[in-house]
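K.L.:
Since the structure of chain G is provided, determine the placement of chains V, S and C with the ligands on it from the hints.
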Amino acid sequence: MALDLRIVVGGEAGQGAQTIGFILAKAFARLGCHVFADQDYESRIRGGHNFFRIRVRDSHVSAVSEVIDILVALNRESLSLHCPRLGENGVAIADMNTDPELVRQYGILTVPLSDLAAEKAGNKLMANSVAIGSVMGMLGFNSEILSGVIKDHFQSSAIVENNIKAARAGYDYARQRYDRSSSYDLSSIMRIERMLLNGNESVALGAMAAGCKFLAAYPMTPSTPIIEFMAANAADFATVVIQPEDEIAAIHMAIGAAYSGVRAMTVTSGGGFSLMVEALGLSGMTETPVVIVEGQRAGPAIGLPTRTEQGDLLFAVNASHGEFPRAVFAPSCAEDGFWLTIKAFNMAEKYQIPVIVMTDHHLASSYFTAEKFDLSGVYIDRGLPLSEDEMGKLSEYKRHRITPSGISPRALPMQSHALVVTDSDEHSEAGHIIEDAETRTRMVAKRMKKLEGLRRDMAPPHVFGPKTADISLVGWGSSFGALHEAMGLLRQQGLNINLVHFTEVWPLPAQETTDLLGGDRKIYVAENNATGQFARLLNSETGLKISGTVLKYDGRPFTSQYIIDRLKGMLP
Amino acid sequence: MALDLRIVVGGEAGQGAQTIGFILAKAFARLGCHVFADQDYESRIRGGHNFFRIRVRDSHVSAVSEVIDILVALNRESLSLHCPRLGENGVAIADMNTDPELVRQYGILTVPLSDLAAEKAGNKLMANSVAIGSVMGMLGFNSEILSGVIKDHFQSSAIVENNIKAARAGYDYARQRYDRSSSYDLSSIMRIERMLLNGNESVALGAMAAGCKFLAAYPMTPSTPIIEFMAANAADFATVVIQPEDEIAAIHMAIGAAYSGVRAMTVTSGGGFSLMVEALGLSGMTETPVVIVEGQRAGPAIGLPTRTEQGDLLFAVNASHGEFPRAVFAPSCAEDGFWLTIKAFNMAEKYQIPVIVMTDHHLASSYFTAEKFDLSGVYIDRGLPLSEDEMGKLSEYKRHRITPSGISPRALPMQSHALVVTDSDEHSEAGHIIEDAETRTRMVAKRMKKLEGLRRDMAPPHVFGPKTADISLVGWGSSFGALHEAMGLLRQQGLNINLVHFTEVWPLPAQETTDLLGGDRKIYVAENNATGQFARLLNSETGLKISGTVLKYDGRPFTSQYIIDRLKGMLP
Amino acid sequence: MTVVNLQDYAGMQPAWCPGCGNFGILSALKKALVDLNIPPYNLLIVSGIGQAGKLPHYMKCNTFNSLHGRAIPVAIGAKMANQELTVIAVGGDGDGYAEGGNHWIHAMRRNHDITYMVHNNQIYALTKGQASPTSDTGFITGTTPEGSPPQINPLALAIAADAAFVARGFAGDVDHLAGLIKQAISHKGFALLDILQPCVSFNHINTYEWYSKRVYKLEEEKKYNPADKTMAFNKSIEWGDRIPIGIVYSKERPVFESTLKALRNIPLVKQPLEPGKIQKLLTDFS
Amino acid sequence: MTVVNLQDYAGMQPAWCPGCGNFGILSALKKALVDLNIPPYNLLIVSGIGQAGKLPHYMKCNTFNSLHGRAIPVAIGAKMANQELTVIAVGGDGDGYAEGGNHWIHAMRRNHDITYMVHNNQIYALTKGQASPTSDTGFITGTTPEGSPPQINPLALAIAADAAFVARGFAGDVDHLAGLIKQAISHKGFALLDILQPCVSFNHINTYEWYSKRVYKLEEEKKYNPADKTMAFNKSIEWGDRIPIGIVYSKERPVFESTLKALRNIPLVKQPLEPGKIQKLLTDFS
Ligand SMILES: Cc1ncc(C[n+]2csc(CCOP(=O)(O)OP(=O)(O)O)c2C)c(N)n1
Ligand SMILES: Cc1ncc(C[n+]2csc(CCOP(=O)(O)OP(=O)(O)O)c2C)c(N)n1
Ligand code: SF4
Ligand code: SF4
Ligand SMILES: [Mg+2]
Ligand SMILES: [Mg+2]
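Protein chains in written order, with this note's numbering: chain G, 1 to 572; chain V, 1 to 572; chain S, 1 to 286; chain C, 1 to 286.
Warning: the hint list may mix true and false statements.
[As the list claims (entries may be wrong)] In silico PhoX-like links for lysine-lysine, alpha-carbon gap of 25 Å or less:
(1) Lys270/S <-> Lys188/S
(2) Lys223/S <-> Lys251/S
(3) Lys251/S <-> Lys229/C
(4) Lys217/S <-> Lys229/C
(5) Lys277/S <-> Lys372/V
(6) Lys372/G <-> Lys277/C
(7) Lys223/C <-> Lys213/C
(8) Lys261/C <-> Lys188/C
(9) Lys251/C <-> Lys229/S
Since the hints were derived computationally from the structure, they do not count as laboratory data.
From a predicted model like this one, the values you see are computed outputs, not experimental measurements.
The following block holds chain G by itself, in its conformation from the complex (with noise of 0.2 Å):
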């Protein structure tokens, strides 16, 4: 049987489930499994009721299931509300002193969480340890690997020592108490190094590859942690970091920054995106590259602040007056966010334009293992800038002129005695303002121009399953995971289904597209969202039929069980 282990630890905000849930999956991904986890949590610092999800697999996975095989309950609601989704061999774990009545009711296995924390680590706070180390004495884990986590996540040497001791206390335990080691094979796991991380890290890692020099950005949830950790690294790889007043002059800042020639990001969410959809337009007017990371959260307004939706495709898409080129993407997953990001620094300075990196809270606050990024992979394109030989004879630069492909040199000031000028304006081919109607008209049809190239540029949809099939499932960006899994069941089921699944999301690779979804089949778009939204830009890009979607808009991830009822429902 495949490994399909699934643990949720759940408790009040401040209690830590996120530190536990953290160092489990930590573990199994250094033992060499595919691990998946995700955060579901309130806006709030303290109480309220947080959960993390990890699920433990020796394939590819990348969604959650709401069936539970091991539980942590670190308070009483946690037992309520998760026990439950137990699966048939599900098995919650809790402190020894639970109410009696709730330790019958759902069969709980309880230890002595502080009172082994107290005893072993002279620290009731320790429990915590103590329930890391009591779900993985039930799986006989490698407990090496285990003290090696716990040692990396605790800084000082004393923390670590006792946090040690405190899960070894709990491994003991629960190993021979609770031995569940034979229902869950870990044994015949592959110990192959992948990293485990959340889609903020994959980007913000993307983005420092990429050569991202500056970042102005407004702290707003799901993106703040990628603020933080570039932060964290600025001096070191001599970036500079900016949170300023807010959104509007982040974005402004970081065009001021590229026009200085630097490769400049801003971060943020939907309400902060909304704020500078005026500046997207700069950014194509005067035609220089900006890279946005708009994490979509449930909307509208400020909605729902710590949970997902896919609902700005197409105000990404259209934001902003007026007309001009822009490239959207959606990665899929931790590693596709990396590449992704990387791409989106090239197209944004090969085209000189804006371009939009859409993750959602459920990429960017979920971990996943990937596969260790091989750098010598990472390809920079800056465009077209001036050669040497240019910019010697250049006596009057002209920044926005008039090519075959769009796309003018690009000089930056003092890179040599060539003036950059630029104006949000209509302009001339020289950066100056101007009324009439032929200049006008040229300079649009140039930066339209632009969308030629881009579009031979953005990748085909990945196909996963058979290049055709009866049913395509149609998907994009952060819902893969589910939506890879739905196809796979379906299939086990009978049903002649592909996935196709969208990463490169705009301006849409529309032949591609055609040829892979063209024909007889049925097309079912899925997404997070209420209307549909990539479903009628597919349609309106391609003519191609929508046979139906898949929707949800809770705020809450898919499952592959939600999405397969769904179609079921559906099907013919």
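P.N.:
Frame of chain G, contents of chains V, S and C with the ligands only:
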């Protein structure tokens, strides 16, 4: 022969072409003619080149023509720019001391404009009134009407008298020497009282008729005159007009005022609207009605600030992160602007949503004749307020109560003891912040439900020409005049074509549209932008296949000739 | 006449951390409203987004929880439409002085008649601890690992913008704070009340203790005169070992609402809608 | 070393009205740049939108004509990416103090090393005469027929925000203005230069004559000390029969760019792009 008199007055900014043109237009309107007049000016206060174009007809007219019958040239540049466009019997009028070389070259009719002004009115500066008189003298225009218009235009009696004298002098001079009255039959015009007003004025009047009591707006071409018009009348009409620090403040103030219970509005152009989109979602989420007038101009960014475009449609339809219902209207002429603005307020309050009225520079600044508004036809729908009865009973009023229509009864603060609680976060029916998936799903569904009623309230497109035809020309908003004229001319040439014109563009009344445009016909969409935005919207909402588009994006409005030429190139 | 009591203002259970300074502010606010005998249905609280921005949910009155940085324009819009409402805007230091800085400056200069309470914890709390414009210069956070840039001084800016009422309170002194809130609400015109608010989760420098050691009351300074602008400016820039609380600046000047003819008589919201009234304007167009 | 002359800075023919105060500012700016011997290719001018915002087109140097209200963030972004550039931001009073007010306040507090010239004509000129935040209180325009709300005082706000250099110039005194521009550019840190600029088309109150009668030079005041913040604040609020021009406030404090380790050595734009450099970070994730 049908009357079609085309007059152009050209000069530098500050020379008064606008005043001359406006007085002429007003005089023709008062005579009973159908008049259309547009302004072409640069983004500067003095210098450059401006012109004012008038078309006088005996039936509806709302489009410009490239051909000129009478040119009034206030400077040399006007001659060289516009004389090439004089029609077969076209004439140019200029001051006596124009360069004889030019006079010969273009066969200019000279009038001693300044000399007559000095002589007869004692003031050289009244040369413009001499010019007005000259045009009217050539046409043998009713001089009493002319004097009346001049009288109404200039306030102080001293000036009035001299301007009338100056006009009379020009009138006599031209009547004697350059009589052209036989070419333009004004004698058969019926004296019907019509209004002459521009799109901004009609929208402002519509807002006032609808009972708009609050306007917060930051100046931006082309919408600024709406602010100034309403400000001028604010004291009399008990309206607050406030110019805040920026557009973000403007729309939030309007939302605040609407929350308190008044009909509230903001007006702007694309750039300002770009700054408002976060608040658009706030209106959507808190279900606070607000009306936004978006006067489009040629974008992106600052673009051509005094030029026209229909480039913001898809942006308006998709603006703001997240999903919520909204309505978008696009008046086709001044009269339409009045009635649609009233409808905008009704829809905003009935459905408790943001409503966008899209004008553009062309509509906003051009003058149209219109039947005098019959105010008894103004209908006010304030939506679902609490009944007196309900108010008495309410102890726990729920601002966002879920109802079958999705519309919640609306109480106002201090109208009763009911507390009005709302939130930009996802909220309960009571308006308080929530986190759970179930409430979220119900509230999204509740808000989206309103689209159903709204869609039913959207009027189907207007059909001109036969109901069915081989070819349908399709347009939206302000380009109506040129499209209508083009359709008429093409029918005269034997083409079986009609015009299907949209002014209520979102949510698109899809069923009625398919009924009107379905079947075997060819559909050509003409719009003032580079990417065929309405064509894409039409296709994606109805599945109708668009055979081709006629696009123009040079900042200038369509002419019928332009449309005919492009269309002919595409017809099989 | 109704007599209002604390229970009338009881709202949802706060989701703030135990020990948070916001609790003190909430208590002080309720106390002030009860003392002023303002019934909940005559009160509107508009908030921004942040921990402070959640306050309206913990009250029971008319409330509009607006966007981050946008409490003020919604509040003054609501006030202009119905000047009979008592309007309070509340938000955090990031909300008010960063994202909403422009609205704040201009609302002060125009002098809209509202009270603005800023829960100043010198940190972005809801987003888990980034620098705010009032973070101490050099303060280290996730987004400012090399130290925050120089902090702004909201009181000095308010005085420079000629705000009608400028005061500072401390969440740790509920009675004193309640007194300031009462005076702020009673003062005609824009009243800025900056409130030192310990955040026990993310600001481990500017704690209860830190503030308690430093604050002193202006009303106890014999010679202090809040009507004297120079004195007020000098006092406003005091920040360090001693931090003044109390009324820093106070001035009578016309409120925005009183300058508009449309608002001289009855509130806008009570004005009838009369489409026929524009008839007289139509004649200008023919 | 290159010697720069006025011709090097000759740009397009201005589209301003004859007699506009902007001509004086343009002359003064060119003069200052020539005096400072800054070659056009080392200079970047970023402008907002308005009549003032057109200035870069009438120069010949690196220019970025940004959006209305957005000169400052683009300018400081460009400066952070290449601190070797001399960066000047220019715009109108509406542009800078209304739409861009928030950027302005925060750029001053952070102390970015740029010069900000505000052509203050107390009116929105390009949009044909609406009230600006600096319009005289009670000033009547199309949008304020009952009179403009109280004007803001940009100098007082700048001092409250602790700007490093705060000065006022007058377009009618080109030499004096050129001197101020030179000092503003030379001062390390954010330099605000508010320039009284007659608009002959839309402001018929605050004319050349009106200003000429009122302005006096601070450097001629014996006891005036621009390093004294209290003195500066008091001077900044002087507006009426006498209007001070010259340096109102001046202070040495660290510029934002110098506080970041990433900028200590060479400009960002000269840093190499090295994808391989993140290798060492990757190990943290396994
Ligand atoms: C436009 C926008 N930008 C950013 C955010 C994210 N955000 C929510 S609260 C907050 C800051 C909170 O700080 P503060 O205003 O000081 O309030 P506190 O939580 O400290 O009370 C931010 C940045 C948002 N909701 N909207
Ligand atoms: C976002 C936005 N809002 C409004 C405008 C319209 N607009 C252009 S210039 C201007 C004001 C000009 O006033 P000021 O900044 O004082 O410059 P001046 O023309 O007086 O030099 C305005 C409101 C715009 N271009 N963009
Ligand atoms: S994070 Fe800070 S401000 Fe927020 S509730 Fe907790 S203590 Fe209060
Ligand atoms: S309108 Fe005023 S500011 Fe603009 S150019 Fe003319 S005089 Fe100068
Ligand atoms: Mg705070
Ligand atoms: Mg100005």
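K.L.:
Each hint needs a verdict: does it hold in this structure or not?
P.N.:
Hint check:
{"no.": "1", "hint": "Lys270/S <-> Lys188/S", "in the structure": "holds (22 Å)"}
{"no.": "2", "hint": "Lys223/S <-> Lys251/S", "in the structure": "holds (17 Å)"}
{"no.": "3", "hint": "Lys251/S <-> Lys229/C", "in the structure": "holds (22 Å)"}
{"no.": "4", "hint": "Lys217/S <-> Lys229/C", "in the structure": "holds (24 Å)"}
{"no.": "5", "hint": "Lys277/S <-> Lys372/V", "in the structure": "holds (15 Å)"}
{"no.": "6", "hint": "Lys372/G <-> Lys277/C", "in the structure": "holds (15 Å)"}
{"no.": "7", "hint": "Lys223/C <-> Lys213/C", "in the structure": "holds (22 Å)"}
{"no.": "8", "hint": "Lys261/C <-> Lys188/C", "in the structure": "holds (18 Å)"}
{"no.": "9", "hint": "Lys251/C <-> Lys229/S", "in the structure": "holds (22 Å)"}
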